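Participant: Based on the sequences and whatever the hints tell you, model everything.
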Amino acid sequence: MDIAKAVIARKSIRAFRPDPVPKSVLEIIMKAALRAPSWANMQPWEFAITTGEKLAEIRRRYTERKGADANPDIPQFLQYPEPYFSRMMAAIIQSHDSVGIKRENRQQREWWEQQQLNNFGAPCEIYIYIDRSLYRRDGEVNIWPVYDCGTIAGMIALLALNYDLGTINQARAVIYPDILREVLEIPDTKLVLIGIAIGYPDLKNPVNRYTTDREALDKLVSWHGFA
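The numbering used here applies: residue 1 is where the sequence shown begins, and numbers increase by one.
Rather than coming from a laboratory, the hints here were simulated on the basis of the structure. Watch out, some of these pointers could steer you wrong.
Pairs of lysine-lysine residues, derived as DSBU-like cross-links and limited to a Cα-Cα distance of at most 35 Å, are as follows [claimed, not checked]: (1) Lys5 <-> Lys66; (2) Lys54 <-> Lys31; (3) Lys219 <-> Lys102; (4) Lys54 <-> Lys23; (5) Lys11 <-> Lys54; (6) Lys54 <-> Lys102; (7) Lys66 <-> Lys204; (8) Lys204 <-> Lys23; (9) Lys31 <-> Lys204; (10) Lys11 <-> Lys23; (11) Lys11 <-> Lys102; (12) Lys5 <-> Lys219; (13) Lys54 <-> Lys204; (14) Lys102 <-> Lys23; (15) Lys11 <-> Lys31; (16) Lys54 <-> Lys66.
Every value quoted in this text rests on a predicted model; they were computed, and no experiment measured them.
Facilitator: See below:
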């Protein structure tokens, strides 16, 4: 697929078919993604690519803990200033509307939360983690390894399209990192950053039929020194 077309075509998938993703395809994707740039070629990322019973166990244990306070390794804000809050809420409302979720219907909202905990039915989840010492040391925080991991996550999303796969980056997938450490044997010396659900999109599901808006170019980009 043409790179520009892939960037425009990429979207977050919130309903997957159960068909397994061949390990051979994931290996091709990951081998290419590992060419992603990083600060001084540090390559801070590590991955736990999970499917089958291991992923099912994580989902079961997340469901058992549903409603408990989240405790991610990288803190997540509960409130955001404008205009970021409005952008986020517009996307949430759009996803809810696509599957008929009403704000006042608690049962529907709980069902949607369960879909998130179940990785939207994706047969595979890619967990990205880094060494704890890269992020925080002597009371100081270094954001560059996290930035680098965001870059490689984008690479994975684009490469997936070449194999008719879809993805969604999931902060919700890492809200209970202690469970991930136990099931996936990730050492406590590591920080789990994000999960990427990956699989074959369910194109019949209305949640995958809409596309979120983007701000206009002139609103976000300024030009300097051009004629």
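Participant: Now tell me, hint by hint, if it's right for this structure.
Facilitator: Against the structure, the hints come out as follows:
Taking the CA atoms of Lys5 and Lys66, the gap is near 38 Å; set against the 35 Å cutoff, the hint is violated. Distance hint between Lys54 and Lys31 is fulfilled; the C-alpha atoms sit about 23 Å from each other, no more than 35 Å. Of the pairs offered as hints, the one joining Lys219 and Lys102 holds, with about 32 Å between alpha carbons and a cut-off of 35 Å not exceeded. Taking the CA atoms of Lys54 and Lys23, the gap is near 15 Å; set against the 35 Å cutoff, the hint holds.
This hinted pair checks out: Lys11 and Lys54 have alpha carbons roughly 27 Å apart, not beyond 35 Å. The suggested pairing of Lys54 with Lys102 holds, with an alpha-carbon distance near 33 Å, which does not exceed 35 Å. A threshold of 35 Å between alpha carbons decides the hint, and for Lys66 with Lys204 the separation of about 28 Å falls inside it, so the pair holds. A distance of roughly 25 Å separates the Cα atoms of Lys204 and Lys23; the hinted pair therefore holds under the 35 Å criterion.
Proximity of Lys31 to Lys204 is assessed by CA-CA distance (about 31 Å); at most 35 Å being required, the pair is judged to hold. About 23 Å separates the Cα atoms of Lys11 and Lys23, which keeps this hinted pair within 35 Å; it holds. As the CA atoms of Lys11 and Lys102 are separated by approximately 23 Å, the hinted pair is consistent with the 35 Å bound. About 23 Å separates the Cα atoms of Lys5 and Lys219, which keeps this hinted pair within 35 Å; it holds.
For a cut-off of 35 Å, the pair hint linking Lys54 to Lys204 stands: about 28 Å separates their Cα positions. In summary, the hint linking Lys102 to Lys23 is not supported, as the alpha carbons are separated by about 39 Å, beyond the 35 Å threshold. Restraint check for Lys11 and Lys31: satisfied, since their Cα atoms lie roughly 22 Å apart, inside the 35 Å limit. Only pairs whose Cα atoms come within 35 Å are accepted, and Lys54 paired with Lys66 is accepted, the gap being roughly 18 Å.
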